[in-house]
Amino acid sequence: DQMRVYIPYGQEWYGYLMRRMAEKPANVMFFLRGVATKG
1 DQMRVYIPYG QEWYGYLMRR MAEKPANVMF FLRGVATKG
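First residue of the sequence shown? That's 1 in this note's numbering, and the numbers climb one at a time after it.
Take the hints with a grain of salt, since some may be wrong.
To be verified - Restraint ranges, calculated between C-beta atoms of paired labels, are given here: (1) E12 <-> K38: 26 to 36 Å; (2) M3 <-> R33: 10 to 20 Å; (3) F30 <-> D1: 18 to 28 Å; (4) F31 <-> D1: 19 to 29 Å; (5) A26 <-> V5: 16 to 26 Å; (6) Q2 <-> F30: 12 to 22 Å; (7) K24 <-> M3: 12 to 22 Å; (8) Q11 <-> K38: 28 to 38 Å; (9) K38 <-> G10: 25 to 35 Å; (10) I7 <-> M29: 14 to 24 Å; (11) M3 <-> V28: 11 to 21 Å; (12) G15 <-> K38: 30 to 40 Å; (13) R4 <-> V28: 15 to 25 Å.
Simulated from the structure, these hints should not be mistaken for lab results. No residue lacks a Cβ here, since even glycine has one placed at the ideal position from N, Cα and C.
Go ahead and model the full structure; you've got the sequences and the hints to work with.
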């Protein structure tokens, strides 16, 4: 299996990240849940 991880970088990375999170707030909760739980 392969998995791709997109990591924004450069001068505009923060604005890009905020726009992506605003487009789909459920992804923020998915991420936080993954960070807060083990495995």
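Results of checking the hints against the structure:
no., hint, verdict
1, E12 <-> K38: 26 to 36 Å, "holds (33 Å)"
2, M3 <-> R33: 10 to 20 Å, "holds (18 Å)"
3, F30 <-> D1: 18 to 28 Å, "holds (19 Å)"
4, F31 <-> D1: 19 to 29 Å, "holds (20 Å)"
5, A26 <-> V5: 16 to 26 Å, "holds (19 Å)"
6, Q2 <-> F30: 12 to 22 Å, "holds (20 Å)"
7, K24 <-> M3: 12 to 22 Å, "holds (19 Å)"
8, Q11 <-> K38: 28 to 38 Å, "holds (35 Å)"
9, K38 <-> G10: 25 to 35 Å, "holds (32 Å)"
10, I7 <-> M29: 14 to 24 Å, "holds (20 Å)"
11, M3 <-> V28: 11 to 21 Å, "holds (20 Å)"
12, G15 <-> K38: 30 to 40 Å, "holds (32 Å)"
13, R4 <-> V28: 15 to 25 Å, "holds (20 Å)"
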